[in-house]
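Given the coordinates of chain A, work out where chain B should sit on it, guided by the hints.
The chain contents come next:
Protein chains: 2
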Amino acid sequence: MTAISGNDLLVRNVRPLGGGIVDILILDGRIADTTTTAPDGTEVLNGAGALALPGLINAHCHLDKTRWGLPWQPHTPGPTRDERIAADRELRRGLMASTKDRAAALAEHCAALGTSHIRTHVDVEPEFGLTGVEALLELREQIAERITIELVAFPQFGLITNPGTAALMEAAVGLGVEVLGGIDPSSIDNDRAGQIDAIFAMAERTGAGIDIHLHETGEEGAASLELICERTQALGMSGKVAVSHGFCLGTVEEARLSGLIDAIAAAGVAVVTYAPGDSPVPPLKRLAEAGVTVAVGTDGIRDAWTPYGNGDMLERAMMLAYRSGFRRDEDIELALDAVISGGARLMGIEDRGLAPGCVGDLVLVEAETVADAVIARPSRQAVIKDGIRLPAVSSR
Amino acid sequence: MTAISGNDLLVRNVRPLGGGIVDILILDGRIADTTTTAPDGTEVLNGAGALALPGLINAHCHLDKTRWGLPWQPHTPGPTRDERIAADRELRRGLMASTKDRAAALAEHCAALGTSHIRTHVDVEPEFGLTGVEALLELREQIAERITIELVAFPQFGLITNPGTAALMEAAVGLGVEVLGGIDPSSIDNDRAGQIDAIFAMAERTGAGIDIHLHETGEEGAASLELICERTQALGMSGKVAVSHGFCLGTVEEARLSGLIDAIAAAGVAVVTYAPGDSPVPPLKRLAEAGVTVAVGTDGIRDAWTPYGNGDMLERAMMLAYRSGFRRDEDIELALDAVISGGARLMGIEDRGLAPGCVGDLVLVEAETVADAVIARPSRQAVIKDGIRLPAVSSR
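Chains as they are written, first to last, in my numbering: chain A, 1 to 396; chain B, 1001 to 1396.
Honestly, the hints are just simulated from the structure, not real lab data.
Source: prediction; values computed, not measured.
Some but not every residue of chain B turned toward chain A, in silico, with C-beta under 7 Å:
#1 G1277
#2 G1325
#3 I1375
Ideal Cβ placement from N, Cα and C applies to all residues, glycine included.
This is chain A alone, in the form it adopts within the complex (with noise of 0.2 Å):
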C-alpha cells in the first residue's frame, strides 16, 4: 500500500495533446505509469474531456518592472529605445519599494495562467542596486508551490557605461541569481567585445548561464550575435547562453541570416523570442530545422517599455505563429511547442511532457487539438503544479 502524499491526484477523462481520453495519475508530483492504480483516497480532478498539455514557460519576462494590478499608466516615452530606458528608470524610482508585491501579483496571475516555470530578467545597477535582486528571491520562496522563478541579472542602464554594475551582478549570482543578462553590447555600452567579455568572464568564475538582450538590427545585431557565438565556443558554454528578441535575425539579408543560423547551431547558443509586433520575428522554422533551442516569453508586461500583454502563454504562441505566417497544425503546434520544449531546454526543466516520469504540471482547456487550443486560447479549466492543483484563474 502506498502512502498519499499532497502531490497526488488523478485526472481523470483528459485528451494528452489532443489525443484519446485517458486518466492521469500523478504520483508524489511526477506522472506515474499507466498500469500503476491509484492508491484509495487519491484526490480526483474529473477532466470531462479537456485537453491537456504540460506546465507552460514563460523564458523571457520582466516581473520587477511590471505595473500588473495598478491603475493603468499611460505610456509616456517616446519611441526609441533609449527614451524607454531613461521613462523606465524615472518611473520606477517610486516604484522600488513595491518590487516584491507588483512581481507577485503579475506571477500568481501567470500561474493561475497555467505557467509553470518563469525566467525574469531583474534590474541591477547602482541606483537601485540588489533591491529587485532581493525582492524576487523572497518572492520566489513564497511562490515556489505554484509557480518556479529563475532569475537573470540584468544590466538595463548599460554594463560597461554604468560603473558599478559588474560587481552587483556577480553579487546577485552570489545570492542565487542563476543566469548573467546583458543587453546590447555595441549600441548601448558603445563596446561590444568589452561588455560580452566581461560577461563570459562573469560566466566562468561563477557558473552561472547567460541570457543578453539584443535589440540591435542588422550588421549591428549580427555583429554581437557572432561574438556570442564565439565566446560560447571557446569556453564551451554550448547550452547555457541565449540571445533574447534577436531582432537582426529579421533584418539581415538571406546569405547572411543563413550563416547566423549555422553559427548559432554550432555554437549551441538559443534564441528566445516575444513574437514583437512592430520589430521582426526570428524565423522560427528555420533555426528549429537547424536544432537552435528557441524559446518564447512574454518580455514586459504593462510596464514602462510597453502597455501592452496579458502573462498568457497559450496567447503568445498564437502570437508567434500568427507573426510568423503559419496556418498548418504542424506550424501552429511547432509554436507552441517553442513555448514548451523550448523554454525546457532553456531553463534546464527536465522531464517535461505527459509522459510517465514527467514532472505533474498540466494545463486543461477545452480545446479539440493543440492548434486550436493555440488559436482559441481558451480560459483554463484546471491548472496543476506538481501534482497540486492551484486554485482558479484569476478574472483578468
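Positioned in the frame of chain A, the structure of chain B alone reads:
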C-alpha cells in the same frame, strides 16, 4: 407622459469612453438628451462603473466561408493565395448547404462581443451561384435586431476569367446586396483595367458601392490602387469606394507611398485592414493624418483561408495597435477609432457615438480607459443594440 418602447433603456453608472460616471438614457433606440428624465417603468441596466463604448464595427468579414461552430479543421492548402483559393472552393462544396447556419453561428457570436455592424463579402460565381447571397440575405433579416449585416458581392474566383460572375454580381445587387467586390485585378484576372472597369461600370449602373480586395504588393498593387483612385474620381464616387488589405501600402518605397496616400485621400477611397500577422499593415497614422478613412475588419474567421480569429473587434484593435508599434494612449485610441468611426464612415452608419441623438448601440466593459479596454479586451459586461440589451456573450 412618454410611452415606453421596447427600445427604451436607462443605462446607469457608466463611464463613456472612460470619462466620469453618468447615466445614459436610450429612448426609442436613440441616446436621449442629458436633461431628459426616464419615463416611469423604463428598464434599468446598472453598469456598475463600467466603461461604455459605442457599438463596434467589423468592416471586413467572410461569414459565408466560416467553419465557426464546426469541428476543428486542420489547414490544408499551401502558402500561396492561389492555393488557398483552390482549397476554399474544394472545401466549400460540402459546406454550401450550411452557409446560413454557419454564418448565423459566427454573426451571433460577433454580436455578443459588441459588434453592432458587419460588412461581409459573399462569394458569387457560377458554380455556387447566388446560394451564399440568398443565405446571407435571409440571415440578415432574422438577425437584424442583434447585428446589422451589409453585403458585398465578391468574385473570389476571378471576374474576367470566370465568365458569368459579373452577371451574378449584378443580380446580387438586385436582390439587395449593397456593395460590389473585386480581387487583385492584375494578378487574379491578369487584366487590371478590365476587372476595375467592369466593377465601376456595374457600380454606375446599379448605384452600389465598391470594396476591392488588394493583396497585390509593391508596384503591382500600387498600380491597381492608382487605377481605382482614378476611376473613383472620374465617376464622382468619393466615399463609396474601399480597398481592403492594401498590402502594397506597406511594401512600396517612401516616395511612392507618399504619392499613393495623396491619391487615396484626394479620391476619397477608404482603406480596410485586418492587421495581418505576416503581411505589411497599412500605415494607419499617416493615412488618418491625410484624412483617409481607415476601417478595420477581421477578415475570414476559421475558414479555408485561415484558422485564426475569434470575432472580437477589441482584440482586432489591439492587434492593429500592436502591429503598428503603438504604445501611447492616443495611438491605441486611434486604432479603436478606426474600428468605430472608420467603420461607420465606410459603411455610411450615421450617428455613431455616445452623444445625445446617437443610435443606442453600446458595449460595456470593465476597464479604466479606452486604451485599457483595447489592451485587456475584457469580457463584455453588456451589449446593447438599438436600445435593447443582447443575451449574454457566448463562452467562446
